[in-house]
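**Student:** For reference, the chains in residue letters:
Number of protein chains: 4
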Amino acid sequence: MGLKELRYAAKVDLTKDPAALPYLHNRWHPDIPNCGTIKNGEVVKIECVDWTGGQIGNNDSADDVKNVDLTKVHYLTGPFEIETAEPGDVLVVEIQDVQPLQDQPWGFTGIFAKENGGGFLDDMYPKAAKAIWDFEGIFCSSRHIPGVRFAGLIHPGILGCAPSPEVLSIWNKRESELITSCSHMERVVALAPQPVNVHAGTASEDLKSRIGQEGARTIPGRPEHGGNCDIKNLSRGSKVYLPVHVPGAKFSVGDLHFSQGDGEISFCGAIEMAGCITIKFSVMKNGMAELGMKSPIYIPGPVEPQFGPGRYIYFEGFSVDENGKQHYMDATVAYRQTSLRCIEYLRRYGYSDYQIYLLLSCAPVQGHIAGIVDIPNACTTMGLPMDIFDFDISPGAPVKKIDMGTCAFASD
Amino acid sequence: MGLKELRYAAKVDLTKDPAALPYLHNRWHPDIPNCGTIKNGEVVKIECVDWTGGQIGNNDSADDVKNVDLTKVHYLTGPFEIETAEPGDVLVVEIQDVQPLQDQPWGFTGIFAKENGGGFLDDMYPKAAKAIWDFEGIFCSSRHIPGVRFAGLIHPGILGCAPSPEVLSIWNKRESELITSCSHMERVVALAPQPVNVHAGTASEDLKSRIGQEGARTIPGRPEHGGNCDIKNLSRGSKVYLPVHVPGAKFSVGDLHFSQGDGEISFCGAIEMAGCITIKFSVMKNGMAELGMKSPIYIPGPVEPQFGPGRYIYFEGFSVDENGKQHYMDATVAYRQTSLRCIEYLRRYGYSDYQIYLLLSCAPVQGHIAGIVDIPNACTTMGLPMDIFDFDISPGAPVKKIDMGTCAFASD
Amino acid sequence: MGLKELRYAAKVDLTKDPAALPYLHNRWHPDIPNCGTIKNGEVVKIECVDWTGGQIGNNDSADDVKNVDLTKVHYLTGPFEIETAEPGDVLVVEIQDVQPLQDQPWGFTGIFAKENGGGFLDDMYPKAAKAIWDFEGIFCSSRHIPGVRFAGLIHPGILGCAPSPEVLSIWNKRESELITSCSHMERVVALAPQPVNVHAGTASEDLKSRIGQEGARTIPGRPEHGGNCDIKNLSRGSKVYLPVHVPGAKFSVGDLHFSQGDGEISFCGAIEMAGCITIKFSVMKNGMAELGMKSPIYIPGPVEPQFGPGRYIYFEGFSVDENGKQHYMDATVAYRQTSLRCIEYLRRYGYSDYQIYLLLSCAPVQGHIAGIVDIPNACTTMGLPMDIFDFDISPGAPVKKIDMGTCAFASD
Amino acid sequence: MGLKELRYAAKVDLTKDPAALPYLHNRWHPDIPNCGTIKNGEVVKIECVDWTGGQIGNNDSADDVKNVDLTKVHYLTGPFEIETAEPGDVLVVEIQDVQPLQDQPWGFTGIFAKENGGGFLDDMYPKAAKAIWDFEGIFCSSRHIPGVRFAGLIHPGILGCAPSPEVLSIWNKRESELITSCSHMERVVALAPQPVNVHAGTASEDLKSRIGQEGARTIPGRPEHGGNCDIKNLSRGSKVYLPVHVPGAKFSVGDLHFSQGDGEISFCGAIEMAGCITIKFSVMKNGMAELGMKSPIYIPGPVEPQFGPGRYIYFEGFSVDENGKQHYMDATVAYRQTSLRCIEYLRRYGYSDYQIYLLLSCAPVQGHIAGIVDIPNACTTMGLPMDIFDFDISPGAPVKKIDMGTCAFASD
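Residue numbers (the working numbering), protein chains in the order written: chain A, 2 to 413; chain B, 2 to 413; chain C, 2 to 413; chain D, 2 to 413.
Source of the hints: derived by calculation from the structure; they are not laboratory data.
There may be inaccurate statements among the hints.
[To be verified] Incomplete in silico selection of chain C near chain B, CB under 8 Å:
| no. | residue |
| --- | --- |
| 1 | E6 |
| 2 | E137 |
| 3 | T279 |
| 4 | K281 |
| 5 | N324 |
[Claimed, not checked] Taking lysine to any residue pairs in the SDA-like style, the calculated list, with each CA pair at most 20 Å apart, reads:
| no. | chain 1 | residue 1 | chain 2 | residue 2 |
| --- | --- | --- | --- | --- |
| 6 | B | K326 | A | T181 |
| 7 | B | K326 | B | E137 |
| 8 | D | K46 | A | Q105 |
| 9 | C | K73 | C | A193 |
| 10 | B | K281 | C | W107 |
| 11 | B | K73 | B | L208 |
| 12 | B | K402 | A | M289 |
| 13 | C | K295 | D | N324 |
| 14 | B | K286 | A | R349 |
| 15 | C | K326 | D | E167 |
| 16 | A | K295 | B | R348 |
| 17 | B | K401 | B | G351 |
| 18 | C | K281 | C | A11 |
| 19 | C | K46 | B | P166 |
| 20 | B | K73 | B | Q214 |
| 21 | A | K401 | C | A398 |
| 22 | B | K401 | D | V400 |
| 23 | A | K286 | A | E82 |
| 24 | B | K326 | A | R349 |
| 25 | C | K402 | D | A290 |
| 26 | A | K281 | D | S142 |
| 27 | C | K401 | D | E291 |
| 28 | B | K281 | C | R150 |
| 29 | A | K286 | B | S395 |
| 30 | C | K40 | B | E137 |
[Unchecked claim] Here are the in silico distance ranges between beta carbons for each label pair:
| no. | chain 1 | residue 1 | chain 2 | residue 2 | range |
| --- | --- | --- | --- | --- | --- |
| 31 | A | D124 | B | K128 | 38 to 48 Å |
| 32 | A | H185 | B | M125 | 22 to 32 Å |
| 33 | B | P23 | C | Y9 | 48 to 58 Å |
| 34 | D | D391 | B | M125 | 30 to 40 Å |
These numbers come from a predicted model, not from an experiment.
Here a beta-carbon is modelled for each residue, glycine too, at the ideal position from N, C-alpha and C.
Using the sequences and the hints, build the whole thing.
**Tutor:** Now the structure itself:
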């Protein structure tokens, strides 16, 4: 009588190479074998490794970030067969809890080197850097960014159901067209299927080889299933409505974040961690048609950290880039400028730009589309909660520049 | 003894042609004569006409929207000389209240025709349309969009100080370069100076003519001074920090909104109204250098309408456009898709797409940059507050499609 | 077409003696003549004088508070006949707005002398005192209590429908029994009907005389109709469900407050003001039976000033009084102790006890019943929002005692 | 390098009789031996049994509640010596997390029989009853009260430092005086020291015997140290400032609640559970004098479940009791009436009064002192969050009475 301890649908062993763990995989493909079955209506716990599979250490050097092997990421837990789920259904995922693993109470935020991964501001900040965050209950703080402390809005960066062969084929086609059309650009614009370091759970070598050829990378999120959407508010208590494309849904989850700012601007920008997520799964039959749904929708949970609206400082940015060039209604350019405005402001307290770049990536900053119709300037804003600092950062308060130490850098 | 009734720095006469009112102007230029002086530290009331200067009527036809004369907009109240303000200072604008004019308790939301103004979704919705909103205290509702009612987050769409000659010259140069470089595009990408229908307050004819040649249009907002930033949260109790570029600051304000959604997607998308704003002005000497400020910053007020986080439905959109084309990290494309996802969802209650397009423009929807680093897909979200509807729009609730009437259209 | 300016159901003339204004009254009685009629579903504006009818001035002496004539209070506007309302119905009162009168942008908070009115802490603070508050848009501040400023949670202290003869008779009987049974106490425990200074609107002299004999005082609130409930959250956007006891409901309203703390501890404790309230009236037929309602219920509005939960300091108090005596589960004793704990804390910044007593009466403090079952100690708490102070009052911050001036006192 | 797993200052063994566990105790006394030492600045985890020490089972009978042995309660974990703490200091307790024990994901709410424990409404509801709550991540629901589900605001009901001999003597004196003075009352008004079932940790038999004679019961909370204050908002992220009365502070904690309503009206009214609390301890030297502190103060955490203000229904109650008798300014009577008003309202959905009584005890209802100066009626309010119900309980929504099953009762 009474609820028993919840079932673990998967437990991870952090002492093993993630590539050897049968309940992990690092590509999206309909044929990755299920690693378990979950009933419609069931609540289970699912453990996840951090997205890099343990490539990053709790230390004061960013060499590991600089040299990270991105062909291996992200290690997701799954796929799980959800009983009764059929294509056209919607899988309702209620996130009842997310926690770090008890014996690993820390996470990391990284800035990738421009030549290996990059990030939103890599033109200005091309070097690898890192901050380690210690978890104290609901709070976190970092020896690499003194003076800040905040409650986590803990969430999975990635969750979704497997693509059908048709959906996968659309992904591969449109992304390869982009790669082709952008071949003149100096940067990687999309990640084509990558046969190296494929992990496809318990797939046979043949199947694994085919998945390497066809399987979609876990970067980026995609409209048809969500995936790597990096939405900071998919936290405790939220409900996500996911399109189902294959029988049994084949649900996977990973890339757990202790906290993230809107945009996750440094790319490895959330506070990345290994952890455990508790989910209740329910199937809404024929849900895609009923909800008119093409992409996931969600409802946030009720326990988000709440600062009063008057406890944020908001910065504004427009579609004029750092060289003074006018772009046409470009919200991406605007958000980059908004981020830079915030960096410029926080400098006055003694932080280095890299420290701030790391901080804006992982602290619960609010990134808004403010105006997107006044040609040619989109206006975006970034709201920085003042109460995460242990000193007063309001514009009217006295300023004292102090020694803020340094974040971790690569040995170069 | 005791505070007297606040001083009106300007009162508007809605029965007159706004082009004849000496305390209005519709271009940005350093030489527009001041229409009054405000002390450092003073609190004043400033009345404003609606941004079109009364071109739109409280009726059931969108002919006025279709035929709006955009060379006349926006009518701003000002400029005001703020005593002691000098270039390099920051003008601190505390918005102590904003109210509609007592004898005009209504506003409008419009969709411009694609060929005259357009909007964020004009490829899909090219026709002119309109909704009239009645104000009942803090709430508004519309006979053109039944079933919704919400409290206004009332704010000015435009406020800022005049550009210096140097700043103005930068604006004109970079925007004309954009116009030139985009000449192949089928749409207007920016508004060059426009000598027709110039209103420059009490300027002499000669000066007015020069302002017509040089003056920047009030569309768009610009990083150097803010201006038309259309930030829905610049509401009661907020504090805005504005760069000062000319002696006396030459502050102007207008384009009052009873409410607006993030993005203001239909362009004439807020609930536009005439009204009165109460502002306290203070000068922060040498503020631009002290705050490291290149663009305005602000702190929201404490009385924003608050729904619990769990009372929003969030829609997701990615950088894959409606034709299935993959774009590279384009948050603008993503936000357009996000908007469409929301329209598709609300259809099931009987609303027409035009009604929803109007609604998302003016209701307090939250538009977020979620992820902007997972190449090639930016992910944006739009949060729709469920409690503005008088029926249950949550995904799990039963749906009954009902007759929602129609918004106003042009007679075509 | 379109909404016209709202109808004023009553406008007050502050230059006249309120006792001469036909749309005011200061007793509860079923026979006070209606001063107007309001349709079921109608929205109207109703102006109110301050509760004392102008006895208190905007000056620096509390002589007026000391000598206030309490036989005159409260001046309520009404009663209004609400069409279709019958006994047993519920009158739904949606408060769409409340504002101070434009030409009287100030209010007052008073501490009554112990021998004339008294208050919650009159044993410790027996002297009359006063603070004047200036309104700047949504904010208020006082020259008598420097260092604080906050947004009003503006509301009526009193609203309700007239009692039936039966209800009135119950009130008179039970309150007179209390007076009799408490005759040994040294204080006034309830206010019996008072023939002096009766104002009964347009009642004939005969009727007025009878109302003086029978009419219930406007102090206190009573369970059968609400009345003087002094609930700070009956603010803009709230909906109150009021029992109807007489045909036409006979609704009255008054005692407008710019702000009030939970408890309104100094009795004249809110920021009292003259103002205008906008109400939408609707009748719920047979509502009392349908809702199982014996006392009013209400739903707050969405625009309350919001501080984050972590921006309050909470003080605790228990049922042990200031003399060390243990009381049995007495929440009133506990709340008095809670108030004293807060006063003791704020002393360290330089405020006098009287200043703090005034402040806790009118600032938006949260008064909670925490535990009421652990015999013999009830525990109550008072939450003080830190952000109303312009210095940091958190327990860990450095303290600097400064000259806080003085509140107004009576001349001897 | 990097934070290690947090230290457990105490782990409980639920398979053992709590009276045999050396790190528990159930009386307040300065001489109970410390069960461990915690450094100033240290973060530790502390496990607690439920307050009854396992007397209540996860089943469908309330016999255990009816027959509970209250001489045994509450079992607290501690006392802990906090290094450097001295009398006059303040112990700052930051609650970084509270969680149920992983292998016991359930809790209970009980109504004690009037003759054994009683509760706030025992005159109306004298029978023993019980509801079992299952925990699903942050949420809980009960098979005994269908239709509701909510996120826990998880907190300790009891925490505090040991009394000094002087403080203990004050407690015993004033409470025994109350018992004497109330000997005519038909109910137990306070709990005198009770030698039966004393648990004093590792105390010798002699010491234990003395503690039984002198030690204060854990019911109630007391102003000098807090203790059993049952404040629902002492949840994750909150900071409590506790007076220190003995060298080393001798801190104890227990009575963990998954959720509680303001007042905890049924006495065993929170969702009682065994669990683990993570605390950071710091000592503020000479804090009592510096803060002017006589009773604990606290600052809530930032992650409280948040409903919008407009998502509560508030009920009002006054100092007129259920027999129609007028009391003088009695907030306790008023809050009892407020509770009854809420019960009467919820009946219409099919709940029994006992189910509602249980629900109001443990759901996050807001209990406010509204007005406490309008003689003779105190007015209190209770806010019921609508969103904890899976149907619409707003006054205007259609009502369907359904079969709500039953809570657990005693076999009688």
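**Student:** So, for every hint listed, does it hold in this structure?
**Tutor:** Taking the hints in turn, this is what the structure says about them:
1. E6: Since chain B brings a Cβ to about 5 Å from E6 (chain C), closer than 8 Å, the hint holds.
2. E137: 5 Å, holds
3. T279: Result: holds, 5 Å to nearest chain B Cβ.
4. K281: With Cβ-Cβ at 7 Å, under 8 Å, it holds.
5. N324: The hint is violated - N324 (chain C) has no Cβ within 8 Å of chain B, the shortest such distance being about 40 Å.
6. B:K326 x A:T181: 13 Å, holds
7. B:K326 x B:E137: With Cα atoms ~45 Å apart, K326 (chain B) and E137 (chain B) exceed 20 Å; violated.
8. D:K46 x A:Q105: 15 Å, holds
9. C:K73 x C:A193: Judged against 20 Å, a Cα distance of about 14 Å means the pair holds.
10. B:K281 x C:W107: 17 Å, holds
11. B:K73 x B:L208: Given pair K73 (chain B), L208 (chain B) holds - Cα atoms ~17 Å apart, limit 20 Å.
12. B:K402 x A:M289: Distance ~17 Å between K402 (chain B) and M289 (chain A) Cα, so the pair holds.
13. C:K295 x D:N324: 14 Å, holds
14. B:K286 x A:R349: 17 Å, holds
15. C:K326 x D:E167: 16 Å, holds
16. A:K295 x B:R348: The hint holds at about 14 Å.
17. B:K401 x B:G351: 8 Å, holds
18. C:K281 x C:A11: Between K281 (chain C) and A11 (chain C) the Cα gap is close to 14 Å, so the pair holds against 20 Å.
19. C:K46 x B:P166: 49 Å, violated
20. B:K73 x B:Q214: 15 Å, holds
21. A:K401 x C:A398: 16 Å, holds
22. B:K401 x D:V400: Status holds; Cα separation ~19 Å.
23. A:K286 x A:E82: 16 Å, holds
24. B:K326 x A:R349: Outside the cut-off at roughly 43 Å; violated.
25. C:K402 x D:A290: Holds. K402 (chain C) to A290 (chain D) sits at ~15 Å (cutoff 20 Å).
26. A:K281 x D:S142: Given that 20 Å is the threshold and the Cα spacing comes to 14 Å, the pair holds.
27. C:K401 x D:E291: Between K401 (chain C) and E291 (chain D) the Cα gap is close to 12 Å, so the pair holds against 20 Å.
28. B:K281 x C:R150: 14 Å, holds
29. A:K286 x B:S395: Holds, because 16 Å separates the two Cα atoms, which is no more than 20 Å.
30. C:K40 x B:E137: 16 Å, holds
31. A:D124 x B:K128: 38 to 48 Å: Between D124 (chain A) and K128 (chain B), where Cβ atoms are some 42 Å apart, the hint holds.
32. A:H185 x B:M125: 22 to 32 Å: 31 Å, holds
33. B:P23 x C:Y9: 48 to 58 Å: Given a distance of about 33 Å, which is not inside 48 to 58 Å, the answer is violated.
34. D:D391 x B:M125: 30 to 40 Å: 37 Å, holds
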